[in-house]
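**Student:** Listed here are the chains, written in short residue letters.
Number of protein chains: 4
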Amino acid sequence: MKLTKEQLKDIKNQQSEQNSTKRVTVPELENILYEAIPALDHGFVRVIDYMGDDTSIVQAARVSYGKGTKKVSTDSGLIKYLMRHWHSTPFEMCEIKYHVKLPIFIARQWIRHRTANVNEYSARYSILDKEFYLPSINNLAAQSSSNRQGRGDILEGDQAKEVLELLKNDAERTYTNYETMLNEKYDGSTIDENKKGLARELARMNLTLNTYTQWYWKTDLLNLMNFLRLRADHHAQYEIRVYADIMLDTLKKWTPITYDAFIDYRVGGTEVSSKGKLILQKLIKGQKISIDESGLSKREWNELMVAFDLKDKIV
Amino acid sequence: MKLTKEQLKDIKNQQSEQNSTKRVTVPELENILYEAIPALDHGFVRVIDYMGDDTSIVQAARVSYGKGTKKVSTDSGLIKYLMRHWHSTPFEMCEIKYHVKLPIFIARQWIRHRTANVNEYSARYSILDKEFYLPSINNLAAQSSSNRQGRGDILEGDQAKEVLELLKNDAERTYTNYETMLNEKYDGSTIDENKKGLARELARMNLTLNTYTQWYWKTDLLNLMNFLRLRADHHAQYEIRVYADIMLDTLKKWTPITYDAFIDYRVGGTEVSSKGKLILQKLIKGQKISIDESGLSKREWNELMVAFDLKDKIV
Amino acid sequence: MKLTKEQLKDIKNQQSEQNSTKRVTVPELENILYEAIPALDHGFVRVIDYMGDDTSIVQAARVSYGKGTKKVSTDSGLIKYLMRHWHSTPFEMCEIKYHVKLPIFIARQWIRHRTANVNEYSARYSILDKEFYLPSINNLAAQSSSNRQGRGDILEGDQAKEVLELLKNDAERTYTNYETMLNEKYDGSTIDENKKGLARELARMNLTLNTYTQWYWKTDLLNLMNFLRLRADHHAQYEIRVYADIMLDTLKKWTPITYDAFIDYRVGGTEVSSKGKLILQKLIKGQKISIDESGLSKREWNELMVAFDLKDKIV
Amino acid sequence: MKLTKEQLKDIKNQQSEQNSTKRVTVPELENILYEAIPALDHGFVRVIDYMGDDTSIVQAARVSYGKGTKKVSTDSGLIKYLMRHWHSTPFEMCEIKYHVKLPIFIARQWIRHRTANVNEYSARYSILDKEFYLPSINNLAAQSSSNRQGRGDILEGDQAKEVLELLKNDAERTYTNYETMLNEKYDGSTIDENKKGLARELARMNLTLNTYTQWYWKTDLLNLMNFLRLRADHHAQYEIRVYADIMLDTLKKWTPITYDAFIDYRVGGTEVSSKGKLILQKLIKGQKISIDESGLSKREWNELMVAFDLKDKIV
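Line order of the protein sequences matches chains C, D, X and W. One point on numbering: in our numbering, the residue at position 35 of the first sequence is 35, and numbering is uninterrupted. One point on numbering: in our numbering, the residue at position 200 of the second sequence is 200, and numbering is uninterrupted. One point on numbering: in our numbering, the residue at position 36 of the third sequence is 36, and numbering is uninterrupted. One point on numbering: in our numbering, the residue at position 285 of the fourth sequence is 285, and numbering is uninterrupted.
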């Protein structure tokens, strides 16, 4: 992530603002406002704006005239209750806006979360930056043999190098040809004064999916948590998890009570099916259980045993 | 609208806050923050929170690192362009939150706007205030004879009085019976210590649709304008228009450039069908036009003539 | 629920259609298509249309050219997997449309589910039917003393009668006055030829919240399940649960494999927080547990014990 | 677009289905159901399923018990009225599902329409087909000099050839390297038995944005028209317009009355701002107009003159 002088100045300018407001503010989050927090090799996450804090959830849940309740402990109890019972609307009363730079193949996963507002940098209108994601050596994993959409072991020495070479060369070559077609370099300089450039909306199709794009992304607290639950999970692709982990940290700064409840009930929690409940009940009573009588598939059985750390019962 | 001492104090407390923030602020809107702006006989609109201003639209449209552009004139030109060409996503980058008190039959119209976040006061959980909407005499209109879902002339003397009596008596009687069933008065006092009260979730069904409810309602700038375009329009029911007009004024304070573009292109603008275009073209060229050859229905023809103030052409 | 001759004929007409289609069809659901299934005292649920079946979920999940997979067992395994892992988009590929008649206070709960399409009968345009919901004696419950938004014991004899009288009389009186104000009876006949009627959009405000309304309501399978999970739950208000139970039955006819997975993983399943997991793990290992060391509130502790049928551990 | 034998057989199988249903059917649309209609060089659009027809819009708008009204002319008048006055909910009562094969850079534009259901072919799970979009010679346009996000003249001979060569070679090379990294060919055969392949979720990042992907895409009639209004417009990028034009044709087969109204009021219609209205009024009255007094920018002025075919007034 190399920000230009101009960009750094723009960020500094916004960070030096000192405005007065009657709205609720969150000093912890103000501290990192506008900061470009690095993600992967050239990406970043910036918090641009926010609305509300933990007390706003309480205020809306109670439809009260004032701010939250009088006591933090009451607010905390209510927020935990709302989280536990899947109340959704009070959490929608807080809003946050990010500026994110990310590889296109990750942007394509991200955009599947529909309940958000997005403005993406337009490659019909402008030239994309000359930046591509190249995984670090210890993220170059083989296809998992057990999970058709997951990663297995890290690739070994030579093959890893070879892969990195291919990724790097292909990204650079296709970008250079993108410039050739545009008849314009990434810095805006014209290549051949006697030529016209191919339309930007066409030339971009030559770029590889690890090219970086960027967008403004705004969502409410409920949908942010929905996003984080899926994307900060260990089943998520590593590259999007890097972003989710950074955002999880901004969530902690923004609404610490909600964050704690979220970690307890969602991230660290688990779901048990009706069949799974019967098995746990038998285990608690010290009764025998067997996969055959459980009605569970082998996969489902193991997922249950892993969730409750019953490693000796994995089959 | 009678706010209790407690409520007034809560409002004053929030209005006296002086927080420091790096976020963009809108002094014009800060001035009326938390204020209960009266609507109808017992309702109100309060602006509780907001995110962004006119420059945020520009910032998102450009996916820029800094705040808007350098010059107000450039911002204004871009916002007008976006509005004219129905660009939607940059306007979603601003968010506003209201606290609204309104009659239930209006709340039922309002809630049909789905792209918003809502927390309504729960009549399963609490007792509703003893407040009902009673129209003023000059809003007691007869059913329109030409428009099946509109109003015609004002009702004359005796009938108007009679209607008001009916509305008033029915609302008061059903509310009193609501209290009887709850075995609890509106102020929380128990009526008969030896009786149980009917569950609140049931007793509420006895209330009339002009009873006031209240909610927190949060939406983005785009969807606020969608709401206002329909609800501040003269086709909208008068009672919801009262709220929309107040909100239109908050829009003007919040994002004045967007407000101007909205008034010019949406509120004051009109749409012309392909058949309508041909007629206007003929009129401009001084050619003859006739409804028979136009392909327009009488209704549609007249709508066009009214839109362009061609009263002599109305048939 | 009294359907007019005209309405019954309309229903019969549609039920007698025999159209040929290449689309997937569900004979079990076709059997009850258009039928008005009674709900409460005057309401109903009618299935009007549907798109897709269990195989459509599989088809979309695989983005396949043909219909589902070759084998029902494979389809079933995949649907269970998708449900267990909260995959959402394949379930959005099926759609269903209902025609529902329901009391207004229930319609107000229902409409909070935003991801659906709705056309409600317009009381600005037409006169509402003269039908109000009156609970049966054994649904007249007192306010719960433990749960602020729930029901407790059934009201006893005299008080129940009194409540029913109040509800009945108030609904009838306000409806009669609604007719008076409209200067029009429910059957469309004019009351006084020399008078104008009050605009419908105003007169309706005099009706009580147990008046019946009706709407077309269309949603996808995912959002139908979200609705049913909340509204067929025992925490839901009885009156909406009556509708949800009927719709649960239509779900079973429509997509039986999905229905089974839904019952196992959602309806019959439970969630366990990270703190709750530790307690269950201790119980399984035969270790001692105590509420003080658990980090759980009393309420949360008891919810866990109830979920796993550990009645002796309730405190 | 080369469909495999297996795929063709799957399509034929579905097309040979003859199911009986009481639902409304649209024979014109049934005729092309499941058919792969070619789009660009390797893409297609297939209609997979639909719910409702023109009468369903009328049925929902009236909340009627039967099907539409008795007369086609009445249905048509109502649908035109609804379209003209921007009534939206009745059009949401029809639903359609497509299977689409399209280049990734077009998929990225398309997915910005959020109110739709999507299942995309997963490149984390499977290998993408070896197919890339290469524009035909007469679609290789230069960047527009007047419109920063549009196309200008067609590129001339040599440069066009050169561009095509670059696009072709880069797509093929990056795809071959994608196979190398996966250690697996597009047909599923392993390349080197002694090697592991890179995880699919990583290898895909090497593909260029003109690689084809595919998805199931389902939306309601209202949102389909919103999509088509933007994407079948001449401002839309040519490549997505090809898809929109095909879908416009399926709309015509599906709901012909709605299609006509859509073409008249939306596609062929125009919007006039309040300032623009004043100018047209003056023109009709034969009064002088000038851009200086109009309050319009030059760009806006010209847009108005073009919309009403007043070429001599363009400045």
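Among these hints, one or two may not hold up.
As the list makes no split between identical chains, a pair holds if one copy fits it or if it spans any two.
Here are the simulated DSBU-like cross-link-like pairs (lysine-lysine), alpha carbons at most 35 Å apart as the crow flies [claimed, not checked]:
#1 5 / 313
#2 12 / 196
#3 313 / 275
#4 196 / 185
Since the hints were made in silico from the structure, they are not lab data. Note that this is a predicted model, so its numbers are computed, not measured.
**Student:** Run every hint past the structure and note whether it holds.
**Tutor:** Consistency of the hints with the structure:
1. 5 / 313: The answer is neither: 59 Å in one copy and 46 Å across copies each exceed 35 Å.
2. 12 / 196: neither (38 Å within a copy, 47 Å between copies)
3. 313 / 275: Result: close both inside a copy and across copies, 16 Å intra and 22 Å inter.
4. 196 / 185: within (13 Å within a copy, 38 Å between copies)
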